[in-house]
Amino acid sequence: MHVLFKRWAMMAAAVLGFVAVSIQPSSALVEINVAGGNIEPLPIALPNFGGDDAKLSADIVSVITADLKRSGLFRPLDPQSFIQKDMDVNTQPRFGDWRVITAQVLATGSVFRQSDGRLRAEFRLWDVFAGEQMLGQQYFTTPENWRRLAHIIADAIYQRLTGEKGYFDTRVVFVSESGPKDKRVKRLAIMDQDGANVRFLTRGDDLVLTPRFSPSSQEVTYMSYASGNPQVYLLNIETGQREVVGNFPGMTFAPRFSPDGQQVIMSLQESGNANIFSMDLRSRRTTRLTSSAAIDTSPCYSPDARQIVFESDRGGSQQIYVMNGDGSNPHRISFGPGSYSTPVWSPRGDLIAFTKQHEGRFMIGVMKPDGSQERILTEGFHNEGPTWAPNGRVIMFFRDTPGANGGPQLWTVDLTGYNERRVETQGFASDPAWSPLLE
Amino acid sequence: MKMNGTFMRGLRVAAVAAVALFVAACAQTRPDNIANSTVAPGTAQDFVVNVGDRVFFTVDSSDLTAEARGTLDKQAQWLQQYPRYTVTVEGHADERGTREYNIALGARRATAARDYLISRGVGANRLRTISYGKERPVAVCNDASCWTQNRRAVTVVNNAGS
Numbered sequence: 000m001h002v003l004f005k006r007w008a009m010m011a012a013a014v015l016g017f018v019a020v021s022i023q024p025s026s027a028l029v030e031i032n033v034a035g036g037n038i039e040p041l042p043i044a045l046p047n048f049g050g051d052d053a054k055l056s057a058d059i060v061s062v063i064t065a066d067l068k069r070s071g072l073f074r075p076l077d078p079q080s081f082i083q084k085d086m087d088v089n090t091q092p093r094f095g096d097w098r099v100i101t102a103q104v105l106a107t108g109s110v111f112r113q114s115d116g117r118l119r120a121e122f123r124l125w126d127v128f129a130g131e132q133m134l135g136q137q138y139f140t141t142p143e144n145w146r147r148l149a150h151i152i153a154d155a156i157y158q159r160l161t162g163e164k165g166y167f168d169t170r171v172v173f174v175s176e177s178g179p180k181d182k183r184v185k186r187l188a189i190m191d192q193d194g195a196n197v198r199f200l201t202r203g204d205d206l207v208l209t210p211r212f213s214p215s216s217q218e219v220t221y222m223s224y225a226s227g228n229p230q231v232y233l234l235n236i237e238t239g240q241r242e243v244v245g246n247f248p249g250m251t252f253a254p255r256f257s258p259d260g261q262q263v264i265m266s267l268q269e270s271g272n273a274n275i276f277s278m279d280l281r282s283r284r285t286t287r288l289t290s291s292a293a294i295d296t297s298p299c300y301s302p303d304a305r306q307i308v309f310e311s312d313r314g315g316s317q318q319i320y321v322m323n324g325d326g327s328n329p330h331r332i333s334f335g336p337g338s339y340s341t342p343v344w345s346p347r348g349d350l351i352a353f354t355k356q357h358e359g360r361f362m363i364g365v366m367k368p369d370g371s372q373e374r375i376l377t378e379g380f381h382n383e384g385p386t387w388a389p390n391g392r393v394i395m396f397f398r399d400t401p402g403a404n405g406g407p408q409l410w411t412v413d414l415t416g417y418n419e420r421r422v423e424t425q426g427f428a429s430d431p432a433w434s435p436l437l438e
Numbered sequence: 000m001k002m003n004g005t006f007m008r009g010l011r012v013a014a015v016a017a018v019a020l021f022v023a024a025c026a027q028t029r030p031d032n033i034a035n036s037t038v039a040p041g042t043a044q045d046f047v048v049n050v051g052d053r054v055f056f057t058v059d060s061s062d063l064t065a066e067a068r069g070t071l072d073k074q075a076q077w078l079q080q081y082p083r084y085t086v087t088v089e090g091h092a093d094e095r096g097t098r099e100y101n102i103a104l105g106a107r108r109a110t111a112a113r114d115y116l117i118s119r120g121v122g123a124n125r126l127r128t129i130s131y132g133k134e135r136p137v138a139v140c141n142d143a144s145c146w147t148q149n150r151r152a153v154t155v156v157n158n159a160g161s
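Which chain is which? The protein sequence lines are A and B, in order.
Its first residue numbered 0, the first sequence is counted upward by one per residue in numbering that gives the first Met the number 0.
Its first residue numbered 0, the second sequence is counted upward by one per residue in numbering that gives the first Met the number 0.
Since the hints were made in silico from the structure, they are not lab data.
Check the hints yourself; a few may be wrong.
[As the list claims (entries may be wrong)] Residues of chain A clear of chain B, computed beta-carbon distances all greater than 12 Å: (1) Phe94; (2) Asp181; (3) Lys185; (4) Glu269.
[What the hints assert, rightly or not] If you want the footprint, here are the derived chain B segments under chain A, 3+ residues with CB under 8 Å: (5) 90 to 103; (6) 135 to 141.
[Stated by the list, open to error] In silico EDC-like pairs for lysine to aspartate or glutamate, Cα to Cα no more than 16 Å straight-line: (7) A:Lys54 x A:Asp87; (8) A:Lys54 x A:Asp85; (9) A:Lys180 x B:Asp142; (10) A:Lys367 x A:Glu378; (11) A:Lys180 x B:Glu134; (12) A:Lys68 x A:Glu423; (13) A:Lys182 x B:Glu134; (14) B:Lys73 x B:Asp45; (15) A:Lys180 x A:Asp399.
Just so you know, even glycine gets a beta-carbon here, dropped at the ideal spot from N, CA and C.
Taking the hints into account, I'd like the entire structure generated from these sequences.
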């Protein structure tokens, strides 16, 4: 497992000679407007790839299909309806056959096991109405990376058709929960964004909470009760090495990395108050950023690191504030009815996601960094802890259910408020944090 | 922390006498509570059963109610009577809040209880606090009766039995 990320890094994406040369005429015909709200999903045909391993080809296509379908932007067509059979990457599509079944785009491909043991995958994306190729790519990887290969192809399709970067080749770190509600065992776990490849990072001996990804993807910062004194830790998910962040005179919690990965920002409990500090991971220097007789917590940097959003009850209830990166000029931005917490800045910088509590309901919403244009994306008994897909278009959060047998599960919702979906996990899961796109 | 034999014997005699008295006093009026009478004074169990190890809070608050102060007064008395113990004050929140805020709220509640114990003469060096936020509920139903029980600060006697 420790070589996993090195392998990822070595995987090369190469663009071959067969890459589309004349994509311009067709690009205007098929395009998805991601910001459009409740749009009609694009009908896409994804026949099984050709190549020398039918099972592997089918598995790869099924992962691509599931990714695109879950995004809510695509409607993969039933393969039973396909007229032209046995497609591979070099088959010339009979576009009329695909138009008849209402396909607007078609993806064809092949996967080969090379003599050096690696996989070679090639695929093309076709604009069925224009009768033209939109995209053609080739990838090499090791066989155990086949799921990742599928996610990369799904991202390429998503990006070509939406103009936005994809988010399928990503992971989620979260807290896996087991056991009865009053004796929950919590373990850090990591999985692919579609719920596959779950791997546990801690054993469950100690209470662990709120893991967050480093921008480098190889480290996670989280809170643990391992020492008996709850503190913020760093965990290298490649080596398993772990260390306490800083030498603070009390409980530290609510950690998050700065956008460059060099700082961890977190709360320090000082008697009845919590204040926000940052620590430089290289110099170990700590900087106090708030100094209030209140609970200041859940800090999160803006993507340019010039501002920090956080929650505070300094005004009497939990509300969202924004301050400069050095702690100056804190000002409240949430003014709707109810209380606001767990603010997270979008990777695009344009929005802040939050948890909102009002009249016993828990909602996930977004607002602009100046507090305007608040929109609630989902609401219910208990929704908490938003985290952004790296393209800023999808939010993952956890939803808890009431009572002794209740427990949290992971869900996603589009920024539009549509396309709410559960992320399948074994057992209960909470505190998701979405990784950046893998390198 | 070992005690010498003489001291232990003395304690045991005192404990037996106290239990006998307690039984005599309570047997007629509170027969249901006879089980409590078997608790040896000065034990962690004594603290839980006869003093009360926890105080409760209203929503989002760390203010000590009159009832909470009454319980903490008894805790302070007991701790002064048994100076060999240190305690951990655990702060907790109900599940109807967000995780990170609840961690801080639990800490605030534990601090309120600790500060009150100090004001009643318990040495600060005998007290430590920890917050569990909403992570360790004692009641798991889905209504206010459970949430009320979970918004608590629990004083845990540490070195009992040593």
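So, going through the hints one by one against the coordinates:
1. With a least CB separation of 53 Å from chain B, Phe94 (chain A) remains clear of the 12 Å interface cut-off, as annotated.
2. The claim that Asp181 (chain A) is not at the interface with chain B is violated, since a C-beta of that chain comes within 12 Å of its own (minimum 5 Å).
3. Look at Lys185 (chain A): its CB is around 8 Å from the nearest CB on chain B, not clear of 12 Å, so calling it non-interface is violated.
4. In this structure Glu269 (chain A) is not separated from chain B by more than 12 Å, as the shortest Cβ-Cβ distance comes to only about 9 Å.
5. Coverage of the segment 90 to 103 of chain B by chain A holds. Counting CB-CB distances below 8 Å, 9 residues qualify, and the rule asks for three or more.
6. Under a criterion of three residues with beta carbons nearer than 8 Å to beta carbons of chain A, the stated coverage of the segment 135 to 141 of chain B is upheld, 7 such residues being counted.
7. Taken as a hint, the Lys54 (chain A) and Asp87 (chain A) pair is honoured in the structure, with Cα atoms around 14 Å apart against an allowance of 16 Å.
8. With a CA separation close to 14 Å, the supplied pair Lys54 (chain A) and Asp85 (chain A) stays within the 16 Å bound.
9. Taken as a hint, the Lys180 (chain A) and Asp142 (chain B) pair is honoured in the structure, with Cα atoms around 15 Å apart against an allowance of 16 Å.
10. Note on Lys367 (chain A) and Glu378 (chain A): the hinted pairing is violated, with a Cα-Cα distance of about 19 Å set against a maximum of 16 Å.
11. At roughly 9 Å between alpha-carbon atoms, Lys180 (chain A) and Glu134 (chain B) fall within 16 Å of each other, so this suggested pair holds.
12. Of the supplied pair hints, the one linking Lys68 (chain A) and Glu423 (chain A) holds, its CA atoms being roughly 15 Å apart against a limit of 16 Å.
13. Taking the CA atoms of Lys182 (chain A) and Glu134 (chain B), the gap is near 9 Å; set against the 16 Å cutoff, the hint holds.
14. The hinted pair formed by Lys73 (chain B) and Asp45 (chain B) meets the criterion: a straight-line CA distance of about 12 Å does not exceed 16 Å.
15. Between Lys180 (chain A) and Asp399 (chain A) the CA atoms are separated by roughly 12 Å; this keeps the pair inside 16 Å, and the hint holds.
Of the numbered hints given earlier, the model fails hints 2, 3, 4 and 10; all others are met.
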